[in-house]
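Input sequences plus hints: build the corresponding full structure.
Listed in order, the protein sequences are those of chains R and Y.
Start counting at 1 in the first sequence, then tack on 1087, and there's your number in our numbering.
Start counting at 1 in the second sequence, then tack on 154, and there's your number in our numbering.
What the hints contain is simulated information worked out from the structure, not anything from laboratory work.
Incorrect hints may appear among the rest.
Label-pair distances were calculated between CB atoms; the ranges are [to be verified]:
id, chain 1, residue 1, chain 2, residue 2, range
1, R, E1111, Y, S194, 53 to 61 Å
2, R, S1103, Y, R166, 41 to 49 Å
3, R, K1236, Y, N214, 17 to 25 Å
4, Y, G168, R, E1189, 46 to 54 Å
5, Y, G184, R, A1232, 21 to 29 Å
6, R, E1228, Y, G168, 28 to 36 Å
7, R, G1148, Y, E172, 27 to 35 Å
8, Y, V174, R, G1148, 25 to 33 Å
9, Y, T182, R, T1235, 19 to 27 Å
The structure displayed is predicted, hence computed values, not measured ones.
C-beta atoms are modelled at their ideal positions from N, C-alpha and C, and glycine is treated no differently.
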Amino acid sequence: MIKVQREDFDVGAELSALCAGRGEVGAVASFIGLVRDVAGPGELSAMTLEHYPGMTEKQLGELEAEALARWPLDRVLIIHRHGRLLPGDRIVLCAATSSHREAAFEACAFLMDWLKTKAPFWKLEEVGGQSSWVAAKDTDEAAAAKWTKNE
Amino acid sequence: MKVLYFAWLRDRVGVAEEIVEPPIEVTTVGELIAWLAQRSARHGEAFADPAIVRCAINQNYAKADESFSRTDEIAFFPPVTGG
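So, in structure tokens, the structure goes:
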């Protein structure tokens, strides 16, 4: 399930709903990304997440399908916020459910690594009254690349 | 045809989208970038380093050598930074 929204989300309620009535599920792995209060040398006052409506949902949907194809999962949940966020705010929730923990843990890590390089979001940081776009990290590319299948 | 811009590409070009009519010999993403870069000083600045510009055709990632049609939705944006 994919949700792209401005509003915050209730982590407990979302994870409970993901597992409700799913008797075979014995494991839920989740990741929550938060806005940090540091940005390079300065103190971050806010961060605005811009995205490409339509393509975001399409890319996240493809990520979900890929995870379901690679691991024996029951369900996948990705909630990603956009708009102006403050330090401490939740940005993203990613969760995978399965019978056992290995698939859930691995799928959750995979989803975040690929999301970082495929989902069309861009972060604009506000530091000391100045706004600047966050540059992509090579380490994110490397993290995503390790999940690429050897053809 | 419609071209969309996001994040700092939009800031530099100055508009979020525009209608353009590239000449018929412009058929690939790379050729479109080169043609757009000559439209104005702002476009030139936005596309100064094509290596850090990402493209999507109909919301799928596309490389510089990929062809597009005049009815496709083309978007240009920086490397993504979500999560």
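Worksheet item: So the hint says 27 to 35 Å: do the beta-carbon atoms of G1148(R) and E172(Y) match that?
Response: Since the Cβ atoms of G1148(R) and E172(Y) sit about 28 Å apart, the hinted range of 27 to 35 Å holds.
Item to complete: Look at the Cβ atoms of G184(Y) and A1232(R) and judge whether their distance stays inside 21 to 29 Å.
Response: 23 Å, holds
Fill in: Outcome for the supplied range 53 to 61 Å, where the beta carbon pair is E1111(R) and S194(Y)
59 Å, holds
Practice prompt. Look at the Cβ atoms of S1103(R) and R166(Y) and judge whether their distance stays inside 41 to 49 Å.
Written response: Since the Cβ atoms of S1103(R) and R166(Y) sit about 45 Å apart, the hinted range of 41 to 49 Å holds.
Practice prompt. State, for the Cβ atoms of T182(Y) and T1235(R), whether the hinted interval 19 to 27 Å holds or is violated.
Written response: 25 Å, holds
Discussion item. The hint says 17 to 25 Å between K1236(R) and N214(Y); measuring C-beta to C-beta, is that right?
Written reply: The hinted range 17 to 25 Å holds for K1236(R) and N214(Y), with Cβ atoms some 19 Å apart.
Worksheet item: When you take the CB atoms of V174(Y) and G1148(R), is the distance between them in 25 to 33 Å?
Response: For V174(Y) and G1148(R) the Cβ distance comes to about 29 Å; the hint holds.
Worksheet item: Cβ-Cβ distance between G168(Y) and E1189(R): within 46 to 54 Å?
Response: Cβ of G168(Y) to Cβ of E1189(R): about 50 Å, so the range 46 to 54 Å holds.
Practice prompt. Go ahead and decide if the range 28 to 36 Å is satisfied by the Cβ distance of E1228(R) to G168(Y).
Written response: Holds, since E1228(R) and G168(Y) (Cβ atoms, about 29 Å apart) stay within the stated range.
Checked against the numbered hints given earlier, this structure breaks none of them.
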